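*Asks:* Listed below, chain by chain, are the residues.
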Amino acid sequence: MRRIASPSLALCMIFAAGAAFADSLDYGAYERLFGEPVTRGATGKPERLSETPVNMQIISAEDIRRSGSDNIPDILRFVAGVDVRRYGLTDADVGIRGYDIGNSPRVLVLINGRQFYIDYNTYTSWQTLPVQLGEIRQIEIIKGPNSALYGFNAVGGVINIITYDPLDDDVGQVTFRTGTQEYTGGSVIGTAKLGERAGLRLSAGGLRGHEASTADQPKVFGLFNRDNYNHAINADGRWKSPSGVNLTAEISWVNAQQWEMGTGGFPGTSFYSTNSQKLGLEAPTSIGTVSLTGYRNQIGYRWDQGGNDYDYTKMDNRLYVLQASDLFKLGSDHSVRLGLEFRSDDNQGSYYKGETMGFDLYSGSAMWNWQIDSAWSLTNSVRVDHMTTSYTGPIPPNVPYPASAYAIRVTEPSFNSALVWRPTGLDSVRLSAARAVQPPNIYQMFPQPPTRSATFTAGTGSFEGDPHLKPSIVMNYEADYSRTIPEWSSTAQLAVFWQQTRDVLAAPGDAGPPDANGIVWSGNIGRSRAVGGELTLKGSNADGWRWNLGYALALIKDDVTTNQGVITSSIENQRGTPVSTVIAGFGRSWDQFEADVSARWQTRFDDVAISGTGTSYASAPIQSYAFFLGHLGYKVTEDFNLGLTGALATLRRTSLGLPTENRLFLTATHGF
Amino acid sequence: MRRFLALGLAFVAGLALPPKGNATSLKDVQVGIRTVEFLRVPPRGRIDVAVVYDRRRKDSDEDARAILTWLLANPRIKQAEMAPVLVDIQELAGDRHFPLAIVANGLSGDMFARILDYSRTHGTMTISSDLSCVHAGKCTMGISSSPRVEVILNRQVATACGIEFLDAFRMMVKEEY
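Sequence lines, in order, name chains Y and X. Quick note: the first sequence uses the numbering used here, first residue 1, plus one each step. Quick note: the second sequence uses the numbering used here, first residue 1, plus one each step.
Careful: at least some of the hints might be erroneous.
[Unchecked claim] Per the computed footprint, the stretches of chain X lying under chain Y, defined by three or more beta-carbons under 8 Å from a beta-carbon of chain Y, are: (1) 120-126; (2) 139-151; (3) 157-171.
Calculated directly from the structure, the hints in this document are not laboratory data. All figures in this text were calculated on a predicted structure; none of them were measured in a lab. Built from N, CA and C at the ideal position, the CB exists for glycine as well.
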């Protein structure tokens, strides 16, 4: 630690912190400087990947391109510690360090910091992300909770997708894909500079494909619609003033349909129509780099199981977010970030034609990074969220609560703390602790339309959210060691974690049988503990070879009130998580060719879904299997590339969703 | 006994000699030049770059020539083009303005002081892979590229020379006062 010479000098340094100009992070330039990716996703402060106080792995644009994959979940399969459960051609759920279920709630997904995780039902529909693979600069995967930066729901991990910048980067690409399962897809991506200070990035893309098999469809609900499709458009602009002020704007629109495994193990076809708008300002001030961001996400949703009246599932969800932050340096060794956030989430349901439910959230956060000396650093982040909920609309006749009972207040703190030691330029040791919060979602908190009672265990009763649910609290303790091995051109990492989830949340139908009034309540069903870790080795050499090896262990012990002998819940974390996963990937580029093969093998797990007649759950073992992703690329000209990709699994049923079909598709890419 | 005396004398003589600098690696130069991109006001057009060295020392002369060769082969920094020349430390003064100076190895002590004097009066950003220059508060930037890239920014020198870097850059490098 360098000592600050005098109080007056210290004061000068404080103001000096604010004297510097704001800058939007030029990821490419910093990566070229440091020889490694950089991120703002760990603490909100720009950092080199090797110095982040969280366990973060970055998938680069080159990794994405070489994989040959056409979707993000399949790319994530080859990250040790990430679980992917594929339910259909386009439906997959992603968990980090276990806890992967249909509509997985524990992983927060964002694009450039803008949330695409669906608050009202706490999950991410990967089909609805308004991003094309060719415009992604990097995918940042944080393993473990990070509520102190991102707020509620970042309890298992965070996936932050960073796209190319409209002003700093120059990207132009047309892609076309076609393959088995009557699959066609394509995208157009382009950046344009408007003078020296403004840039625009536009992208549009889509796909269409059919579920291949109807023979093994879930028996309860007919696979009446084999079509999956999505169409997405996104525009992103940045203007930089001569004084360094950055103004950004983004708009996007997505229309998608897919067969998916919904919350509670309910399969069906979901229809999404989403749009979002975002404005951002980053400016130099006398108190540091001040950022203001506002965005709005709207999701129109409908669910259908074929032939039934599921009109009640229509939902119009609107999320408004305002964020303000100030990032500054104190002296040479201290970086501080202060943040405020307001979030409002409103849902207009359709059953009663007028019920509304939602929440407002206010939060304050602070991050302090202290570079103690050249080897040691300490980072502490804390955030307090205050959430108020509201419900207006009729109360089902058998529910014993008035509407006022659904006006709930929740105040919870989150924190992330990490001590990092870099004894040499090649080694890094990190000890960290974190507390994260997952509040009940709208489905778990509010009254539900009575229609569902006709189809499920409640018989003549109903499914109801419980206004007395407690937030789920996740505590995580972790030790990581990383070493760069120059002789092998590789980096090795070892992570060991222990995690406890208190008051596990379960949706109505997942929390247990109906009560005496025939009501199936949501609930807190107990606690769950996990211990595990990952060991990875990743590298490449000058001869064009590259490799990615990994092993992940996740041992989960549930202490819950459900699934005691009889399966009464789709939440089955202990038996539902593969204990071991092995990853091996190799690739090589030579002349105009490149070839990459990645394999992932995982041990067996149990999946749970609605069974036969739709009146109970069924659990089935999914045996250990391997998934392979192979890609052969050929550079026809400097700008035109052809690629052949194969994705196959050694097991046809990799979940209780639709069978996993082996896929083969051709990709043609033209750069401009 | 005589042998020990000779060894002792040789040791003392070794201490008295100027330190033998390690050669600046080309990667050091590359990293150092890249840091210029993160100036608050990055240079544009042609910029004169001084490769400062000690003509009297062979190792410094060789280091400077290697740096010069690399700069001549890679003259672009975004929207600027470098025009590098060798400048002996004894001649680093006067009216000629170098916005950027690369300090070769083999310099020390009062030579560093001369570099600071010049950079203060001319607003010159000085980069060296000899970290003792930045630790001594005489150079703006110290670069070490092996085993990993480390950038050390002396804020006191930078402020004295009127050099400002982007906030994000400052967050990712090591700063000294």
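*Asks:* Decide, hint by hint, whether the structure agrees.
*Replies:* Evaluation of the provided hints:
With a threshold of 8 Å between beta carbons, the proposed coverage of the region 120-126 of chain X by chain Y is violated, since 0 of its residues qualify and at least three are required. With 6 residues carrying a beta carbon less than 8 Å from a beta carbon of chain Y, the region 139-151 of chain X meets the three-residue requirement, and the given coverage holds. Evaluation of the coverage hint for the region 157-171 of chain X: fulfilled, as 9 residues show C-beta separations to chain Y shorter than 8 Å, against a requirement of three.
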